[in-house]
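Protein chains: 2
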Amino acid sequence: MKYSVGYFQFKPELFESEKNLLKMKRSLKSVSADLIVLPELATSGYIFNSKKELESIAEDPRKGPTAQLFRELAAQNNTSYVVGFAEKDNAKIYNSSMLVNPDQEIFIYRKTHLFFEEKKWFTPGNSGFKVFSAKNGIKIGLMICFDWIFPESARSLALQGAQIIAHPANLVLPWCQQAMITRSLENRIFAITANRIGKEINLEREFEFTGMSQITDEKGNILSRADKIEEKVNIVDIDPGKALDKNITEFNHAFKDRRTKWYHL
Amino acid sequence: MKYSVGYFQFKPELFESEKNLLKMKRSLKSVSADLIVLPELATSGYIFNSKKELESIAEDPRKGPTAQLFRELAAQNNTSYVVGFAEKDNAKIYNSSMLVNPDQEIFIYRKTHLFFEEKKWFTPGNSGFKVFSAKNGIKIGLMICFDWIFPESARSLALQGAQIIAHPANLVLPWCQQAMITRSLENRIFAITANRIGKEINLEREFEFTGMSQITDEKGNILSRADKIEEKVNIVDIDPGKALDKNITEFNHAFKDRRTKWYHL
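Chains as they are written, first to last, in the working numbering: chain A, 3 to 267; chain B, 3 to 267.
Isolated chain A, as found in the complex:
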């Protein structure tokens, strides 16, 4: 089955949720695809200096402005979207992503492995690694940014049947893009890392994000890689069915060859 997948790499502006949503709307409204992934915290920006700052921009996962926009786009374009946002759940705030489908269903993932000072303001995710159906029933595994460094994240998703990993990111370290090739290879799955670009400053704190958003196939080939600074929508055609074939050679199967009794995990 031909399935068109992609990402939108851009620079969210800190605290400017209206502006960010408008940019996403304008950039995506005429893009035809089956699945598009956007960066982590795409609506809010990344650097917060207090829980209060973060609360000011956190939103309801189903009634907030991010859900509203992507429901609208999903229906209009017949596209599934995965987008990162700050999720408000009473007193807790999660670093979350939502999968929004053309039929208006929304699925939420809460980041399991928080990075750096995210630990000060966000609550560690309690959704676990789950696989959801996107458009045409394709199985999507959700993880966010720093989850990449734990091989258990992608492995957990692949073992539950994910064909494509949708991976919103705000990467500042230089290793993830290369490592996602390994994640694809070892699990025989597609992976879409949608990273942000640009420098963000909040008082004395500053981060430079690395771009290079990327799509890898189940054999570890790079199907698309953006550069470090461009704002860009990239779409490629894949056959997600290939991720159901876990044969590495005629003698080797990525999952059946696992010898779990010998693992110390």
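Keep in mind that the hints were calculated from the coordinates and are not lab data.
What you are looking at is a predicted structure, and each value in this text was computed from that prediction instead of being measured.
For glycine and all other residues, C-beta sits at the position ideal for the given N, C-alpha and C.
Hints may contain errors.
27 Å max Cα-Cα, derived DSS-like pairs, lysine-lysine [claimed, not checked]:
| no. | chain 1 | residue 1 | chain 2 | residue 2 |
| --- | --- | --- | --- | --- |
| 1 | A | Lys121 | B | Lys258 |
| 2 | B | Lys263 | A | Lys122 |
| 3 | A | Lys263 | B | Lys258 |
| 4 | A | Lys263 | B | Lys121 |
| 5 | A | Lys263 | B | Lys132 |
| 6 | B | Lys258 | A | Lys94 |
| 7 | B | Lys263 | A | Lys141 |
| 8 | B | Lys258 | A | Lys132 |
| 9 | A | Lys248 | B | Lys263 |
| 10 | B | Lys141 | A | Lys263 |
| 11 | A | Lys94 | B | Lys263 |
| 12 | B | Lys258 | A | Lys122 |
| 13 | B | Lys94 | A | Lys258 |
| 14 | A | Lys258 | B | Lys122 |
| 15 | A | Lys121 | B | Lys244 |
Short, incomplete list of chain A residues facing chain B, as computed with Cβ under 7 Å [said to hold, decoys possible]:
| no. | residue |
| --- | --- |
| 16 | Thr114 |
| 17 | Lys121 |
| 18 | Gly130 |
| 19 | Ser158 |
| 20 | Leu161 |
| 21 | Gln162 |
| 22 | Leu187 |
| 23 | Glu188 |
| 24 | Gly222 |
| 25 | Thr251 |
| 26 | Phe253 |
| 27 | Tyr265 |
| 28 | His266 |
Listed next, the stretches of chain A that the computed footprint assigns to chain B, with coverage defined by at least 3 CB atoms under 8 Å from CB atoms of chain B [as the list claims (entries may be wrong)]:
| no. | region |
| --- | --- |
| 29 | 140–153 |
| 30 | 172–182 |
Starting from the known structure of chain A, arrange chain B on it as the hints suggest.
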């Protein structure tokens, strides 16, 4: 602590155990190092067309010619060696590696994940992933070649305290060297992949091995990488103590940040 580690990349000749042992002896007898890793099946060569062929060159792990040579070298040079060989255990043959220490102790690892037609002649390893002490008490984790594609291999060794992974290989696929960077990074450990070079032919079967033996540090830096065809001993100085520090950032720890209750493995 300064600890000098390296590999010997060469082309073993099929069935020519005496010749291969002589080459290893001549190439290593004047090399000063704390730990040297050699390729998988370094004594025997790789391509067998029958169990009988393999039996003709399999050997006792403690009394065979490989053990004899490396005990001699270990005592003489005050070096620990890890070398791949075909291990005979009654009717079974394992694709094994031995760690031979200056004090003459020998530890055996039997390859857990067999590649391709190895499954026809070798018995899958039953030693499990274990960590052993090499010279100066440095903790060494043993894995062989195709074990790399299963993240559980290096993870199991690192979680048991391995500071250095000694990884004899006969690689024919192009992905391992890059993936070992990820294995080092995700586990904050050193890794030494000692690959072979050259083309091997046995009747109508033929393999071209990819060389590029490599040493990576706990931050994923490549400390040494050989080319695809050279016969070469390379030695670098490392501080294995750095592999005991699992902090990725001041807020993130490679092991304590694992959230095992959310993993589906």
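Taking the hints in turn, this is what the structure says about them:
With a CA separation close to 14 Å, the supplied pair A/Lys121 and B/Lys258 stays within the 27 Å bound. This hinted pair checks out: B/Lys263 and A/Lys122 have alpha carbons roughly 22 Å apart, not beyond 27 Å. Simply put, A/Lys263 and B/Lys258 have alpha-carbon atoms about 23 Å apart, close enough for the 27 Å limit, and the pair holds. Our distance criterion of 27 Å between C-alpha atoms is met by A/Lys263 and B/Lys121, whose separation comes to about 18 Å.
Using a Cα cut-off of 27 Å, the hinted pair A/Lys263 and B/Lys132 holds, with the two alpha carbons roughly 13 Å apart. A distance of roughly 22 Å separates the Cα atoms of B/Lys258 and A/Lys94; the hinted pair therefore holds under the 27 Å criterion. A hinted pair counts as satisfied when its Cα atoms are at most 27 Å apart, and B/Lys263 with A/Lys141 qualifies at roughly 22 Å. Proposed proximity of B/Lys258 and A/Lys132 is supported: the alpha carbons are some 22 Å apart, at most 27 Å.
For the proposed pair A/Lys248 and B/Lys263, the alpha carbon gap of about 26 Å is at most 27 Å, so the pair holds. The hinted pair formed by B/Lys141 and A/Lys263 meets the criterion: a straight-line CA distance of about 22 Å does not exceed 27 Å. Distance restraint check for A/Lys94 and B/Lys263: the Cα-Cα separation of roughly 20 Å lies within the 27 Å cut-off, and the hinted pair is therefore satisfied. Between B/Lys258 and A/Lys122 the alpha-carbon distance is near 17 Å, which keeps this suggested pair within the 27 Å criterion.
A threshold of 27 Å between alpha carbons decides the hint, and for B/Lys94 with A/Lys258 the separation of about 22 Å falls inside it, so the pair holds. Between the alpha carbons of A/Lys258 and B/Lys122 the distance comes to roughly 17 Å, so the proposed pair stays at or under 27 Å and holds. The hinted pair formed by A/Lys121 and B/Lys244 meets the criterion: a straight-line CA distance of about 25 Å does not exceed 27 Å. Restraint check, A/Thr114 versus chain B: the minimum CB separation of about 5 Å is within 7 Å; hint holds.
Against a cut-off of 7 Å between C-beta atoms, the interface hint on A/Lys121 holds, since the closest Cβ of chain B lies about 5 Å away. Because the beta carbon of A/Gly130 sits about 4 Å from the nearest beta carbon in chain B, less than 7 Å, this interface hint is met. A distance limit of 7 Å between C-beta atoms decides the matter here; for A/Ser158 the minimum to chain B is near 4 Å, and the interface restraint holds. Using the Cβ-Cβ criterion of 7 Å, the hint placing A/Leu161 at the interface with chain B is satisfied: the shortest such distance is roughly 6 Å.
A distance limit of 7 Å between C-beta atoms decides the matter here; for A/Gln162 the minimum to chain B is near 6 Å, and the interface restraint holds. A cut of 7 Å between beta carbons decides the hint on A/Leu187: the least distance to chain B is about 6 Å, and the hint holds. For the restraint placing A/Glu188 at the interface with chain B, the shortest Cβ-Cβ distance is roughly 5 Å, inside the 7 Å limit, so the hint holds. For the restraint placing A/Gly222 at the interface with chain B, the shortest Cβ-Cβ distance is roughly 6 Å, inside the 7 Å limit, so the hint holds.
Given hint, A/Thr251 at the interface with chain B, holds; its Cβ is 5 Å from that chain's nearest Cβ, closer than 7 Å. A cut of 7 Å between beta carbons decides the hint on A/Phe253: the least distance to chain B is about 5 Å, and the hint holds. With 7 Å as the threshold, the beta carbon of A/Tyr265 comes within range of chain B, its nearest partner Cβ sitting at about 4 Å, so the hint holds. Taking 7 Å as the C-beta cut-off, the interface hint given for A/His266 holds, the closest approach to chain B being about 4 Å.
Taking a C-beta to C-beta cut-off of 8 Å, the region 140–153 of chain A contributes 4 residues in contact with chain B, enough for the three needed, and the coverage statement holds. Only residues whose C-beta sits within less than 8 Å of a C-beta in chain B count toward coverage, and the region 172–182 of chain A has 3 of them, enough to reach three; the restraint holds.
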